[in-house]
Amino acid sequence: MLTIGTGNKAVALAVRDAKPVVVAAYPITPQTEIVEEIANYVADGSMDARYIPVESEHSSMAACIGAAATGVRTFTATSSHGLVYMCEMLHMTAGARLPIVMANANRALGPGWNIGAEHSDSLSMRDTGWLQCYAGTAQEAYDATFMAFRIAEHANVLLPVMINLDGFLLTHITQPFDTVDPEGFLPPTSTPHAIDIENPGGYGTLTTGSEHFKFRWDIERGMRDSVAVIKEVEEAFAAKYGRRYDMVEEYRCEDAEVVIIAMGTLGKEMEVAVDMLRNEGVRAGSMRVRWFRPFPVIDLADKEVVVIDRDYSFGYGGILANELRAKCGCRPFSVIAGLGGQDVTYKDIASFVRMREEDGEYWFGVDA
Amino acid sequence: MAIPDEEYILKTTSACAGCPSSLILRYVTKAAGPDTVLVIPACCTSVIQGVYPTTAMNIPVYNVAFASAAAVGSGMSEAFRASGRKTNVICYAGDGGTVDIGIQALSGALERGNDFLYICYDNEAYSNTGMQRSGATPLAARTTTTPAGKTDHKKDLDAIVAAHNPVYQATACAAYPMDLYNKVVKALSIPGPKFMHVLAPCPPGWRFPSDETVEMGKLAVKSGMWVLWERDHGKLAITGASKAAMKKRIPVADYLTRQGRFKGITDDQITEIQAMVDRTIGCLQKEVESEC
Ligand SMILES: Cc1ncc(C[n+]2csc(CCOP(=O)(O)OP(=O)(O)O)c2C)c(N)n1
Ligand code: SF4
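Protein sequence lines, in the order shown, are assigned to chains C and G. To get this note's numbering, take the position in the first sequence, counting from 1, and add 137. To get this note's numbering, take the position in the second sequence, counting from 1, and add 16.
Note that these hints are calculated values from the structure, not bench results. Incorrect hints may have been included.
Chain G is faced by these chain C residues, among others (derived, beta-carbon under 7 Å) [what the hints assert, rightly or not]:
#1 Ala-161
#2 Ile-165
#3 Arg-187
#4 Ile-189
#5 Glu-192
#6 His-195
#7 Ile-202
#8 Ala-206
#9 Glu-225
#10 Met-229
#11 Pro-337
#12 Glu-348
Note that CB positions come from ideal geometry on N, CA and C, so glycine has one too.
Just chain C, same shape as in the assembly (with noise of 0.2 Å):
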């Protein structure tokens, strides 16, 4: 069905069509309107969970965990300060292999005190074991969280997953999107490790280092099996409702002499900026990355490649930029950009690509 609505809204359309049980949150700038949209669902029973207001955001994680471990769905959102609240419960989710899926809107982390986007806050959460999506528009967001909880629950995952959501870019700009019938997408849940009455078991107990070591792998290996899952999961969509995603989105790259990387909104935006550079005649292509975690091997042999980092890993580098060289063996130029919300446009984008420069890195709006 055709709706007008803001990235949050598209986020809890979908949280209500995919029917989870329980659902535990705490407000945030710019999180906020998601968590009252599904508190109005619940309140007028167009869902049917246990809406659970909690006290804080460790508590928000520490009610969903204690919910998924009895083997239902379950959903949270958070944003910056509230995510780092809760980061010792998302090493809790993932280790103890609860497919909770949770929102989060990118904003920046203080001080100084600001709510604008910026990557900061998911990618500090970049080792926890979660699945990371950052989406680009609203309909992006409907359709990744309601695709979230498959991925998640599925057997070979069972990992938590977190769909990113710039700041107010997203969060609060309204766009027209299409939500899904839900019948038949999403199978029941079933958490083959759920609390068991009639077979009891210490459930996170005491454990030795070469078990806590075997346990690390199960992750990892649920991460590397997530991609196919993910594959999967995304093309039984397109299927379904006709609209098609992969990994990383590719925008004229098959003939890209240079291409612009980046995540979030400021990866739609770099589509118009190749636009306005192929008219210039420079042969440009864009990727935009929406799955951060698993992270996506990308082929970019005898391409020049530009990343706009919305964070930043002090004392390193920008965080994709840095990725990317690590597990693509490019050498991009390395642009700092749209940190707290900062302006980008297209043209700036644009102009990033101009100036580029092989292994540079480049502070938009602080280097002179």
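Fit chain G with the ligands to the given chain C structure using the hints.
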């Protein structure tokens, strides 16, 4: 009510000799029965319950982060209820995990009215990490982080919990299993948030011989340092051995001087503690007599 023979905690655990936590857990699980899940934050019990892949417990035990027990319990209980199941969800946490780091989650869960039982076994220190002070450590007790004796009083956890008006709230003591058992049975028969605070005299932490756990618990109750009571929907009743102690008590010094942790306590501190106990008993007495 006779205590059932079924055991849910096996004989050989990794608890210290004379461990009050395992003693309490034994009666709690007997009262709760097999349709029960224990939620355990970091504490001695996370060791006592067994090392993967073995377990010392014959019911499911879910280990959670130190601060999160009550929130995990909330989510678990809501999920069971949504699935039409009555399964008892019992958070079993130490004093540190309750009065300090876990108090936010506990407060939230009590306020929301989630249907679960929270039991704090109070050994008055962080024992798992080697006996550091907690908010529940009493005045003058020596711990590894209060080597000269604690200069602050024990945090009044029961008053904090009472302010949330849980449907059922009680104290108990490892030395009085029947009283403990009955209270757990009663608590689990009432829907909503229930809270129990159980004194756990810990031989290595309190520094007394490991065969004196029960005796130390009895001295705590007889001196009035620990009072057995319950508040059922807000109505206070003194229970078991504390009924006698309300009228006639042994001096607190008889309890304090039996423990190595109070070595170095001053006469003034003993007087201060005695006055505090007398005051607490007086207040409880007034509450019992009043009709509020
Ligand atoms: C966030 C966090 N901080 C610190 C610890 C270390 N830690 C584990 S158990 C514990 C003390 C537990 O004390 P208490 O709750 O009183 O239980 P007891 O050990 O006495 O049974 C501490 C500090 C931890 N596990 N998690
Ligand atoms: S330190 Fe105390 S509570 Fe902990 S296992 Fe030993 S006796 Fe039990």
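Point to revise | Non-conforming hints, listed in increasing numerical order | key: 2
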